[in-house]
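J.: Residue numbers (my numbering), protein chains in the order written: chain A, 1 to 329; chain X, 1 to 130.
Simulated from the structure, these hints should not be mistaken for lab results.
Just so we're clear, the structure is a prediction, and the values are computed from it rather than from any experiment.
Any given hint could be a false lead.
Counterexamples of contact, computed for chain X against chain A with all Cβ distances above 10 Å [as the list claims (entries may be wrong)]:
no., residue
1, Trp-16
2, Ala-41
3, Leu-60
4, Ala-63
5, Val-86
Interface residues of chain A toward chain X, partial, derived using beta-carbon atoms under 8 Å [unchecked claim]:
no., residue
6, Ala-42
7, Phe-196
8, Phe-275
9, Gln-287
10, Leu-310
These stretches of chain A come out as covered by chain X in the derived footprint (C-beta under 8 Å, 3 or more residues) [claimed, not checked]:
no., stretch
11, 55 to 61
12, 90 to 102
13, 246 to 260
Glycine included, every Cβ here is placed at the ideal spot set by N, Cα and C.
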Amino acid sequence: MRAEGGGRRAAFALVIGLSCAASVAQVRRPSVLRPLKPLRSALPPVLARAIQASAKLRFAGRRTVTVLRDGQPRRHEEIVMRDGPRTRVEFPADGDYAGQVIVENAAERRHFLPAANEVRVLPPRREEGIQRLRALAKQGRVATAPGDRVAGVATIEVTVADAAGNPLQRLAIDPVSGMLLRRRLYDATGVEIGGFVYTRIDLAPAPFDPALFRIDRKGVQTTTPWDTLRRLAKSGDYQAVGLAESTGYRLDGVRIARGPLLLQQYVGPNNRRLFLYQLRNAVDSAQLQKRAARLHSLSWSSGDLTFVLLGPQDDATLARLKESVGRQP
Amino acid sequence: MNVDLESGAQRQAAEWVRDLSPEEPSLAWRSALNERVRAEAARRTRRRRTWLFASPFAGLATATAFALLVFMPTKPAKAPASVGHVEANLVALYEESVRTDDIVGSGPRPWEAPATPDVPSDPALDLEAL
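Start from the sequences and build out the full structure, keeping to the hints where you can.
T.: What follows is the structure, encoded as structure tokens:
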């Protein structure tokens, strides 16, 4: 009993002591009001739902993807299976992508090309497009309206426009699951430049076999974008140099683009894009800055080549990254 | 004129001419000369044959050198900065790539795999109809 009474007294003393300490802390708090945090631009609930759900959805569906190239719409179909962070994409047997398989998880993406018996290992991409919506919505205007039925699912249409009201994207979202069922993109003149639409969707599929999200094939040639870089650099007389992965930027794609020039595409922290170009033209930094509104650039010469870093990163980051451009092992 | 011919100086000169011993080329000298002529003829013949053999090659070499001079690819000098075209292309490529990634998402980028022709049987997303 006595011990119990002592414990109660000790607890009472502790409560009193904490209360006094809290009072003192309250007194020491500056009397001026702290500035309020700036209000976050409110996303429409359905868009916020889509962004949140993108990494957690489970579904199996079929979609048509359209990309406008040289003024002509090019379409292909995909069979998509998603289980949270894992994705598998297959292609119908009657298309040019027949036999190709893409599997992706949070760490990497593997693209199997049967004709070359090759598996390309790349950084994952799935989250980039949907996450960029958040930035787009913050920069411009967002409006919602009742949408049509897409793949049999009632949707809400979200229009993301620039500050002047020109539509940039139109999205059809299932408000229940947050599934993005249709996406259309527009250029500066309002012309649709591509998009995708699900034609079939099962939002509660049977459990997936884990093997669906792996590519196990013996004798296959495994390559990375660095192999592509070395091959293209050799054939086009460019330099096989790029950003080391220790910088936090992963090489996501390499190609010869119009110019001609060698284009390296990187994905960095927070899925931020960064491009490294090699070309045989002089580049005017002022002109480049004038044309890239929200981008930064840094250019330099090496031999007969001009190198250009272009991305949303600040100038100090670009300068640091430039120093790390070197030959890869 | 006869007076001049009969002058002392003329007579003296005539005596000197008479006193000169007749000189004929010796056989040894003639033989040496013949040897030299033959050697010279042989050298000329050899030179002519060598030139006949080498002249096509010399012509070919000259033509090759000329062709190389005219057609040899020279390293192009760095093109001067155009009025913003190069820079505009860099920015356009960046924006196109980002937009394409928004469209294709987890699918392949158009330049990563063989292009697919239009799928007329599925008008689910008909750009022209919009």
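J.: All hints, please: hold or fail.
T.: Cross-check of the supplied hints:
No Cβ of chain A comes within 10 Å of the Cβ of Trp-16(X); the nearest lies about 87 Å off, and the non-interface call holds. In this structure Ala-41(X) is separated from chain A by more than 10 Å, as the shortest Cβ-Cβ distance comes to about 59 Å. Even its closest Cβ contact with chain A, about 31 Å, leaves Leu-60(X) beyond 10 Å, as expected for a residue assigned away from the interface. Residue placement check: Ala-63(X) keeps its beta carbon more than 10 Å from all beta carbons of chain A (closest about 29 Å).
Under the 10 Å C-beta cut-off, the non-interface status given to Val-86(X) relative to chain A is violated; the minimum distance is some 5 Å. The interface hint given for Ala-42(A) is violated, since its Cβ lies 22 Å from the closest Cβ of chain X, which is over the 8 Å cut-off. About 6 Å separates the beta-carbon of Phe-196(A) from the nearest beta-carbon of chain X, less than 8 Å, and the hint is met. Restraint check, Phe-275(A) versus chain X: the minimum CB separation of about 5 Å is within 8 Å; hint holds.
About 4 Å separates the beta-carbon of Gln-287(A) from the nearest beta-carbon of chain X, less than 8 Å, and the hint is met. The interface hint given for Leu-310(A) is met, as the beta carbon of that residue sits about 6 Å from the closest beta carbon of chain X, less than 8 Å. Here's how the stretch 55 to 61 of chain A fares: 0 of its residues keep a CB closer than 8 Å to some CB of chain X, so the rule of at least three is not met and the hint is violated. Requiring three or more residues with a Cβ within less than 8 Å of a Cβ of chain X, the coverage given for the stretch 90 to 102 of chain A holds, as 5 such residues are present.
Counting residues of the stretch 246 to 260 of chain A whose beta carbon lies closer than 8 Å to any beta carbon of chain X gives 5, which reaches the threshold of three, so the coverage claim holds.
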